[in-house]
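Q: One-letter residues, chain by chain:
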Amino acid sequence: MLTRSILKRRELLMGLGAASFLAIPVFRDSLAGAQAATFPVRFVPIYLPGNATNGKFTFSGVLSPLAAFQADSVSLQFDNGAAANIWGTTSEPHGAELRTLLTGDSSLQPLENASVWANSDSIDQTIAAKISSQLKFTTLQFGVVTETNSNPLDQRRMIIKAGTPQPPIENPTEMFMRLFGNGAPVPAPTTTGSTPTPAPTVDTSADGKSMLDRLKAEVTALKAVAGVGEQTKLDQHLTSLRELEKQVVGVPSTGTGGAGGGGTGFTPGMGCAPPTITPVAYQQSYPPGSGPDPDIATVTSQQFELLYQSLTCDLTRVASMQLLGTAHTEVGYGWLGVTDDHHALEHNQGDAATGAKLDKVQNFFAGEIAKFLNLLKTTPEGTGTMLDNTLVMFFTDFSNAGEHSHDQLPFFLFGGGGGKVRTGRTVAYDASPHNLLLRGVLNVFGIDQAKVGDDVPGSAVSLA
Amino acid sequence: MFMKRSYRAIPYLGAAILGVACSSQVTGSHTPGTATSPSPTQVGTTPVPTTTSTTTVALPAAGALGPLALRRLNTVEYENTVQDVLKVAAGTTSMFREDDPGLGYKNMAVALTVTPLLAEQYAATAKKLATALDLNQFAPCANGTPEATCAETFIRTFGRGVFRRPVTTEEVTGYGAIFADKRTRSDYAGGVRLIAETMLQSPHFLYKTEIGDGTGVDRALTQYELASQISYLATGAPPDSELATAADGGKLSLATEREAQLRRLLGSDRSKSWLTSFVTQWLGIADAGYFAKDKVAFPSYTPTLSVAVAEESQRFVGSVLTQSNASLEALFTANWTISNAELGAHYGLQQAPADWQQVTLPADQRLGILTQSAFLVANSKAADSFPIRRGKTVRTRLLCGSVPPPPANLKVVPVPLDPTLTTRERFLAHEQSGSVCAGCHSLMDPLGFAFENYDATGAYRTSENNKPVDATGAINAISPEIDGPFANALELSRRIAPSKVLKDCVARESMRWAIGRETMAEPATDPKVLRDQAIIGALSARLATTNSDIRELFLALVQRDEFAFRSDQ
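So the sequence lines, in the order shown, correspond to chains Y and C. Each residue of the first sequence is one higher than the last, beginning at 1 in the numbering used here. Each residue of the second sequence is one higher than the last, beginning at 465 in the numbering used here.
So that you can see chain C by itself, here it is in the shape it has in the complex (with noise of 0.2 Å):
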């Protein structure tokens, strides 16, 4: 149960700078008894099956990387486990509704529920699943063995994959009953489909679980858990069958076994893909593909070139993450890109590319991913380059900044278009001195104005109604180390990509993205607060002695020996 006042508390936009007091504790309310050890009979409770010999948590100095958990699995995950694990062709998702986001990625815990409208979904896409199932393949039954045995021998094996885990004895049990009441109204396939479309709407199969054997405050993640852990981080599906071994095996409780399985994993295209979502959901441009513009203002923004941006930013980030060093810096400094012909002459390239060739990038026009049109059509306007939200984006998503609300009671009149002004011009009420508008928009509009060479549609300009663009702005009030002005957006670029604001910026959301929960910030004495602090330190400090290769945060994430435990707090 999550209070008004804890919600209000979350410091994402300008706590600190409004000076609000913070608790950014997200306090619960503990039912009594809800999380007592299990009574045997209990239906699912009984312990999960470990390898390991651990039955007394030790739990490291460093503690439990955050609490307990269940985060269900989100549509990519989900048509990944099902095309794995039942051997289904592409599309069983495809009339799942959209995952809600939170902080801006969509495989955040506290946004993954099952609301009612889903658990229909999951009834009809289970249902549709185990009648297809090839149960030749599946559940064969020679002759003569029992039917009953070959439905068990059905529930372990066909269980062990989509539980990702070894079923336990209550759970032989439990479905072994399903499947002999259904053989009262049915034959041994009915059974065995009634199991399998049970199991498929099983939370054991919708929720990668993070909590241990169940008992105790701090726990340790089972193997199993451990390795759903690192295989859903590398490629959002299950563990494959060497991760899995390991897992058997017991050895995933060792940092340099995960480390290991993690790196051999990051290598597939799988994981090129799964973390191409991860950076374009950083960047807010996972959605570049769905903005239209205006159509008087921008004919030549047709839906193929629309779909041509996404598809250059996907590709573009795709590359630099399967390069020898997947750099963060050549993300933002890139004097590439991946072109198609439309897109090439959008961004007037003199020779038009074959369909997505690389190509190299008009120097004094673009450099790096901030100057793509994915980056520049998802923070405008239909019709209007808009540098607040440019700039905001900028801010708070790349530099980790904060901007605090607008006041209570401002009303606001939109800046009309004006043909005989520039975009830069128009906005300049927020930088009169005295203006209320300036301390806040001080903060946003000047980095915005970086990219005043790019329109509404990403297109390259040097004038607006006849007038010479200014691209001139400032960083101000983030950090020394990178504050003051600068001439254009390559220039903003250039300075950002080898910035520690920037690496820390990317640790800490990478950390979000991989843990699916917010970090911690306030306040700064709070143990789970230094905790949060202390790992994004350490991804941080990961990119600079990596040449910023953004495959080494999760690499230095599992490596960590607070990722193998949890606390029930």
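Next up, chain Y with everything else stripped away, as it sits in the complex (with noise of 0.2 Å):
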């Protein structure tokens, strides 16, 4: 279990100064008398690239730290040969996953050769815009160094909303001062291109008002004289200033999250004390030569807790956790003994040695995610735990990435998404798209689409 006196609170005080201590947030208890209430639902896709162990995600083996929460889990099994396979050809490169996973668009093309992308969502941004679109950020992106430069973009982007990638935030200190900083000053950097962007203040918000109505102004009577062709980068920019105008002004309301938000009598919870983090070094990329590879461990470690808090805290109700980008390279983790990058390893051409530092890899950030499902489990929220009211969406890229293989590509769910999944179980999943999948969780979370993505022919999986 993740403890907070690892990350080291005083340290980082010192360095904000003592004023920012008095102007974090910090939420007792407060769940006494609160017996009444319901609690929020939350959905927290998280990939990690490269699953070795062709189409079997079991409890075993590389995954083993994830065993304690079999009896919280869904995981899906697949007729014996069936191949759910989503893309029309085993023959993309890496990087069509990324884009094609959460939104189950195979038309996306490489962002790199397309002039366009289509227009899709991804499944977070379209539950985010029912569940959490009230609260200070409608959604969350964190990353850990998905962003390596000799990786084109589109091997890095996830998340996806009216066809613009989103990109997650990959400091923890950045992440740190988006969530909790307050306008508080920012740490001095600990190495080149690692200044974190304090927080908008709060404490201004008459300030923030006067330039977020000027600004929404403008930007809507550009639109009454822009081509019809920018209209949708218009609307693009409003939304991106109401999110801002959250953190800026202020919230309407907390507890609701949104229209289908959920939460009723619900104070944000008892885990609700912000961590604090040591400033780990951190760059925006990891060119050969620019310096010593990221603290791996630190950086995962420090953006799980803080994705915890953004949910105790109830600052969000839907976060992603991007861990690497797929076909990642560069970096290696030599706390583990492994220096060769992820991409090297994922293509071990079946060399024992090789596959077998992939594994302790893997083995890692399935330790990592078991650590953050038991900050979860550990919470309680009435009579049960954060996790019950949770829906953790588990997946990879290739089934085989040697081979760049989709067949049998595994998913794990776990948490019960507030009572609407079943979960200790397997479900039975024939040779269809996961498109299916997609549109069983969008269920949970009481949206019902004809179609997510691709139109796949077919029953929404149920999880009921």
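Where hints are given, some of them may not hold.
To give an idea of the interface, some chain Y residues facing chain C are shown, with a C-beta separation under 7 Å as derived from the structure [claimed, not checked]:
hint : residue
1    : Gln166
2    : Leu215
3    : Leu222
4    : Val225
5    : Gln236
6    : His237
Keep in mind that the hints were calculated from the coordinates and are not lab data. For glycine and all other residues, C-beta sits at the position ideal for the given N, C-alpha and C.
Please assemble the complex out of the two chains, which come individually in their own frames, going by the hints.
A: Written out as structure tokens, the structure reads:
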């Protein structure tokens, strides 16, 4: 279990100055007298590339840390020999997966080659629009070293809103400032390019309102004179300003999340004590020769802790975690004794020693996911736990990365989804594309769509 | 709203070869009323002041250059703009996420949107810049002058720089109201800083507009829009005072004036680095310094060498671009490069060069940019020279040829490395007659084999796994002008360098980069296609009459009558 003592709260507070301590909103245990409360449902997709277990996500081997949560899980069990393959071809290079996994849209072309992406949303964005739009952040995107520069951008982008890829935040310090910074001074950068962005202040909300009213009016006015082709772009701009407004001016209310958010009589819970983190050296990119590899172990652990806190503090109800990019290269895993890059490990040509190294890396990340699940499971909510009210979806890009195979692509779901998901079982899955699973996940949040991405015949996978 | 069907029809990869019936017209659904004339009470819609007397737009016979557009400043343009306007040091944008590319370029209008994260970063940056603004310089207020008057002066002067045009009456009022409101809670400085913070997030700062005066279907760009078009095209930076004066004087409607201004700006250092970014993005080598290679196979490919590889090409392209004749042909056939000692050793030069010295290359080994490590490294795998990717890049990006996508349900098993075979031998299966692979791979592999004399790091080799390297190949199905066999990469480079195919291709690519949109190729009878193809033809023809001077592509473009017009369609 991740303990907060690891995160050296005092050091950061010293770095931020005493004033920031006062500025951090600390919610006390607030469940007393809240027996009648209902709790909000949350959605957390987690991605890890290069599963090398040939379609068998099992609770043993590299994923053994997750065995403790078998009773809280639903795993998709494939019919023997059936291929759950959303792509018409298995010859796609790395990259098609990231843009297709959560959108179900196999028509999206490599970003570099395309002059426009289709107008797709990943399902987390669809869910967030319903349950999280009235919170400080409609969604949050967390990442761990996804942005290495030799990867084309389309091998790094998983979350898509209206055809626009939404990049994750990878630097825990930057994410911390965004979540809890409250205008506090930013710690000095520990290495080139690592200056965090301070979160916009909330204590000048009159300024913020004045500013944002003007900006929204300008964009709206520009829409009236701009071309037909730019209307969507300006709509996106307005959406972004409204999102900014929630941070600068404040959210309209707490506890409801959105029209379908649920959670009544609920106050952000007992787990909400914003962690502090020790800033780690972090760059936007890691070209060769640019400096030491990031401390991936620390970054991963801090990012999961922040993700957990963003949920317990009810700053958002939909947060994704992208661990690495597909075809991730360049950064090694020195603390595991593995210095090869992930992509090279995936293409191990059946070499046992190389395969064992990949297993070590995957096992590490499985352990971090297990720690996160444990945080949810040990946070009480009513008579149950936070995990009961959350749906965590864990997935990968290839069933056999070495052969770029998507056959029998494994998916795992954890958590009760607010009582909508019957856990501790496997669900038989035929050869249908995973679009039906995406529809099933939407159903958990009360969203019924005839299709997600590609128009795939069949019924949504029932998770109930 | 882009429909999937239209998206799929964009003929980037091989639609023509596949015989796919294409409509390359990206259709948009026009929300009723969105393009009607603005109500005078709406914020910011007061027509931008223009010094020309063109109340009626006389669309030239050639038509408009393209649709009305808003191009968000990309990271480099944003950085340059705040440096110039706010007089701040470099580094403002070090936190920004990398811009999403389109068609390989990081300045395509359609890809440059304002995401929620970017809006936050803009907000944080605007606050930082506004807080640090030297008010003695930017917003002085002499004793006795009413504060509101000083604030209005600030709105006009600061707004002129940030918006790259005079502010409108409405903007003076609107920002004046922000000042007055803030002044109830703060002092003069606080009010001025809030104006600056807001302006630095304004769409009129963030977007280069191509919307004219905001009325009508066919619209002339304003003088200030033209000035920005010219300036950002030349340097990625806002108009300088000379260009601003020309705009004030209404001179930029004249093609000759546009050409003269662009020619002047193309001589600057900033232009050299900006045009270098076009060439390196075109060739796909802009990120060549970021490719790690297999540490076991290539222990000598060190991090410093990797950085040097990228720097070589940057310097080489910059040097070509600033010669009296910035020759496209020289780009591909120069017998020299610019090297440091480590790179010199990598290239097997007899004498180690001093840091970044011009050197002559071994005549039988290297010639031009395609034989530089940047191109070779960026188009190979970690341990493998990967002729498919090298060939595909030459075909699609340099020769504007196409390659159909792989057939559905193709099962690809990567060809394993084999210590008894050459790379070429490993890919022989593609060539076997009757193979389903041959149809497409004959378009790529024989082009890529030209580079078999260079390994995955770009080092020269004549043997691989103790077998002699065979670097012969062929250009297939591009054009009779250049199709046919060749002996190696040097012969390939010599063949394509003077060709019309290359000129036509770079003309198309330069147009895409310059105007930030896809050029249209189908259907052939569409008037917009005819327009784009006519412009591409004119740019290519300009190369033919100027010893293939790359800068002439842009000079020819701004001289076009279409350049000053856009259409709401």
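Q: Each hint needs a verdict: does it hold in this structure or not?
A: Here's how the hints hold up against the structure:
{"no.": "1", "hint": "Gln166", "verdict": "holds (6 Å)"}
{"no.": "2", "hint": "Leu215", "verdict": "holds (6 Å)"}
{"no.": "3", "hint": "Leu222", "verdict": "holds (5 Å)"}
{"no.": "4", "hint": "Val225", "verdict": "holds (3 Å)"}
{"no.": "5", "hint": "Gln236", "verdict": "holds (5 Å)"}
{"no.": "6", "hint": "His237", "verdict": "holds (4 Å)"}
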